[in-house]
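When you get a sec, could you build the whole thing from the sequences and use the hints?
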Amino acid sequence: MEKFPPDSPAPVSPEVETEHAAAFAEELRRVADSLPERINLDSRSVEQGLAKLVLTLIELIRRLLEKQAVRRMEGGGLSDEQVEELGLALMKLEAKMAELKAQFGLEDEDLNLDLGPIGKLI
Amino acid sequence: MRLYAYCVGDELAAETFEGATGVGGSPLMLVRRGAFAVVVSEFEGDAVPASRENVTEHNRVNALALARSTPLPFRFGTLVEDARLGAYLAKQEATLVAALGRVRGCVEMGAKVIWDAGGRAAGAVEEDEGEAGESPAAGAGTAFLLAKRREVLGEEALRSRAEGVAAALASRLEGLARESSVQVNPKGSLVVRAAHLIERGREEEYRERVRALGREREDLRLMASGPWPPYSFSGPRS
Chain R
3 MEKFPPDSPA
13 PVSPEVETEH
23 AAAFAEELRR
33 VADSLPERIN
43 LDSRSVEQGL
53 AKLVLTLIEL
63 IRRLLEKQAV
73 RRMEGGGLSD
83 EQVEELGLAL
93 MKLEAKMAEL
103 KAQFGLEDED
113 LNLDLGPIGK
123 LI
Chain Y
18 MRLYAYCVGD
28 ELAAETFEGA
38 TGVGGSPLML
48 VRRGAFAVVV
58 SEFEGDAVPA
68 SRENVTEHNR
78 VNALALARST
88 PLPFRFGTLV
98 EDARLGAYLA
108 KQEATLVAAL
118 GRVRGCVEMG
128 AKVIWDAGGR
138 AAGAVEEDEG
148 EAGESPAAGA
158 GTAFLLAKRR
168 EVLGEEALRS
178 RAEGVAAALA
188 SRLEGLARES
198 SVQVNPKGSL
208 VVRAAHLIER
218 GREEEYRERV
228 RALGREREDL
238 RLMASGPWPP
248 YSFSGPRS
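For the protein sequence lines, the chains are R and Y, in the order given. Residue 3 is where the first sequence starts when you use my numbering, and the numbers rise one by one after that. Residue 18 is where the second sequence starts when you use my numbering, and the numbers rise one by one after that.
Covered, in the sense of this in silico footprint (three residues per stretch, anywhere, with C-beta under 8 Å from a C-beta of chain R), are these stretches of chain Y:
#1 79-92
#2 162-171
#3 234-240
Treat the hints as calculated values from the structure; they're not laboratory data. The structure presented is a predicted model; accordingly, all values stated were derived computationally and were not measured. Ideal placement from N, C-alpha and C gives every residue a C-beta, glycine not left out.
Below is the structure:
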């Protein structure tokens with residue numbers, strides 16, 4: 003292993019160039035703030051966190067089902083009655099999700115996962 | 018003894034790190050194993066806190082290495098037992114040789130794009146009460162699905178516009194970027210985050226091309242940064 007005496011060359015200094023420094027600073031601060039510094043582990047937050055995670059995944063699937071239903075409707079393969087039935091089923095699913103959210107004290111914006119730089123899950 | 022590992026290379030020179038320190042103020046050392054050299058410093062503890070100071074130190078050491086040649090930076094907070102470093106390098110030799118070849122002679126530059134709220138709103142699909150298929154007699158279920166259809170079309174239009182922004186940037190950098198790593202986020206105002214691997218000495222050309230896109234597209238705000246060590250191009254190819 004080599005150890006060195008003092009006197010080191012200057013490192014490469016990256017330059018940041020923009021005419022909109024304030025806008026980028028605000029945006030990048032928002033991204034940095036979305037990453038939690040630490041996770042609080044107590045029984046209540048674990049239960050709440052688990053409910054949030056499970057409901058987020060259900061919400062993701064629910065939205066995928068909605069998109070699939072829209073695709074099928076646009077495809078023209080469904081009769082008017084089938085469209086109505088599908089729409090009613092999805093309405094009920096949405097209402098059920100609202101009930102579950104209320105039960106766990108969660109809002110719409112809670113049912114998402116911030117994946118940092120790559121954006122949000124939903 | 019545990020070591021904090023900053024980067025690995027096959028062209029790292031001893032004099033580059035003379036007298037320099039790393040995370041926690043520990044002196045930098047160069048560990049040579051076979052064809053590779055790893056920049057490390059001693060570290061006490063089990064984990065490296067992700068503090069601003071430590072992250073800055075990590076980048077500063079990698080930037081020091083970048084001054085002379087292009088290393089492969091380790092992920093922030095990488096700790097390794099002194100005794101296991103040699104085994105790691107021997108096991109990963111083929112991967113490291115390929116990865117170093119990929120970035121040799123290059124630096125990473127970054128471009129970020131913000132689009133304004135007006136630009137994003139232009140992607141939304143306006144509500145049209147007289148939309149085809151929606152008869153006055155349509156039931157609640159049909160009305161629900163038609164409303165969802167408008168939402169889906171709006172999201173698709175937004176994604177399409179966001180991908181158009183990414184394509185405009187890619188087009189501007191054609192022939193300059195050897196590789197790209199691009200993330201598109203249509204729902205955010207920071208719509209494109211891109212990293213590009215470019216040859217050393219062409220950094221100003223990169224900045225000028227990003228500037229040119231900014232002049233051409235008044236709806237976009239752009240930021241160019243770099244040169245950086247190849248943080249986005251040191252992992253497996255995606």
